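Going by the working numbering, the sequence shown opens with residue 1, and the numbers climb by one from there.
These are calculated hints, taken from the structure and not from any lab test.
Some hints here could point you the wrong way.
[Unchecked claim] Derived lysine-lysine pairs resembling DSSO-like cross-links, with alpha carbons at most 30 Å apart:
hint	residue 1	residue 2
1	K10	K159
2	K296	K160
3	K333	K159
4	K269	K109
5	K296	K269
6	K160	K333
7	K159	K298
8	K339	K298
9	K298	K160
[To be verified] Now the in silico label distances, taken between C-beta atoms and shown as ranges:
hint	residue 1	residue 2	range
10	A19	E82	52 to 60 Å
11	R266	L122	35 to 43 Å
12	L315	G21	44 to 52 Å
13	G221	P291	14 to 22 Å
14	G21	E82	54 to 62 Å
These figures come from a predicted structure and were not determined experimentally.
Yeah, the Cβ is synthetic: ideal placement off N, Cα and C, and Gly gets one too.
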Amino acid sequence: MKYADEFRDKTIAQGLARAIGAEAGPRRVYRFMEFCGGHTHAISRYGLEDLLPGNVRMIHGPGCPVCVLPASRIDMAIRLVERPEVTLCVYGDLMRAPGSQGQSLMRAKALGADIRMVYSTLDAIRLAEQAPNREVVFFAIGFETTTPPTAVMVRIAEKKRLRGLSVFCNHVLTPSAMHSILENPKMRNIGGVAIDGFVGPAHVSTIIGTQPFEPLVEQFGKPIVIAGFEPLDVMQAILMLVRQVNEGRYEVENQYSRAVTRQGNRRAKDEVSQVFELREQFEWRGLGLVPNSGLKLKRAYAGYDAEARFAMHELRVADNPACECCAILRGAKRPVDCKLFGTVCTPESPIGSCMVSSEGACAAYWTYGRVRDDQVRRLS
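The whole structure should be built from the sequences, with the hints applied where relevant.
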């Protein structure tokens, strides 16, 4: 297939659904977690759960970098931009991400902080060139997909001697988070039933390849299928997972072979390895402190590290106790289990990160009406 609409063919989707229904053993329950918010949105947008038999259940996972960014890192950024010499560059979907006590970058900007929304790292470079007397800080966030552009930005800054440019690094690694979910019994057991496998992230895998997921299947005996974001991609990945479970196999399979290889993008990985190294641990909203799951700048580029330059201190702050985002991010609850969902918390007035981010599970449920479908099921 060559065109996007071919991956949305109704007849093929129904055929895949029949195959899943035929092969899913009626005496067992299959629980698969989709790690990426793009898959959650595809499942909700196209009503894929309605095509699955009742014993094949999808569990929403961490979703996206904005979803899992802890409130403490937002608070740190707000404290940083209180300095009059600092200009903070951020991606737009981060502006409303919740900090503690109702804080956000949007509110900080409204109160006079110099915060600029940018579309790429190149915008931060241009700003640093145009304002050489300002301290321009780029709020770097993302899974492995957005890490290479940050690495390139740092190397360009070094080449151009842009000493006023620095990075507040919040890049995180997906295999480490999946390891944490599988290793911690409180996370891997949902309603007393263990997760049977993962629909693996697509965009991430175009960078890192499928190889980094292989130690996970070997250690925990859980299959992982890397899948694209179109509905037929997801349905085929679910069928592949069902077959692995039935056959007692646990392998990394690549459904998204049109874009993903085992080795990934070597050039992108080389750029990242030149600039970044592992942190010992990094906090994820919903998962807590996860070992070897975050990146920081290497010593050779320490001059571009905003945390070192401005002596930024790690914070530990509590999440809103009424918000269920933490439980939703680790799959323990669904958006409709949160009392705030659709009442106090909406896209126009979001309380939690799962509603703020366009890739969050709560945003998917709201946008595509899954709340109404769940309410109907409860009443039936």
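Here's how the hints hold up against the structure:
1. A hinted pair counts as satisfied when its Cα atoms are at most 30 Å apart, and K10 with K159 does not qualify at roughly 52 Å.
2. Among the hinted pairs, K296 with K160 is consistent with the structure: their alpha-carbon atoms are about 21 Å apart, no more than 30 Å.
3. Proposed proximity of K333 and K159 is contradicted: the alpha carbons are some 48 Å apart, above 30 Å.
4. Taken as a hint, the K269 and K109 pair is broken in the structure, with Cα atoms around 35 Å apart against an allowance of 30 Å.
5. Our distance criterion of 30 Å between C-alpha atoms is met by K296 and K269, whose separation comes to about 15 Å.
6. With a C-alpha separation of about 48 Å, the suggested pair K160 and K333 falls outside the 30 Å cut-off, and the hint is violated.
7. About 16 Å separates the Cα atoms of K159 and K298, which keeps this hinted pair within 30 Å; it holds.
8. Only pairs whose Cα atoms come within 30 Å are accepted, and K339 paired with K298 is rejected, the gap being roughly 43 Å.
9. Taking the CA atoms of K298 and K160, the gap is near 19 Å; set against the 30 Å cutoff, the hint holds.
10. The hinted window of 52 to 60 Å between A19 and E82 holds, with their beta carbons roughly 57 Å apart.
11. Evaluation of the 35 to 43 Å hint for R266 and L122 yields a failure: the beta carbon distance comes to about 23 Å.
12. A hinted range of 44 to 52 Å for the beta carbons of L315 and G21 is consistent with their spacing of about 49 Å.
13. Checked against the hint of 14 to 22 Å, the pair G221 and P291 passes, with Cβ atoms roughly 21 Å apart.
14. Between G21 and E82 the CB atoms are about 57 Å apart, so this pair conforms to the stated range of 54 to 62 Å.
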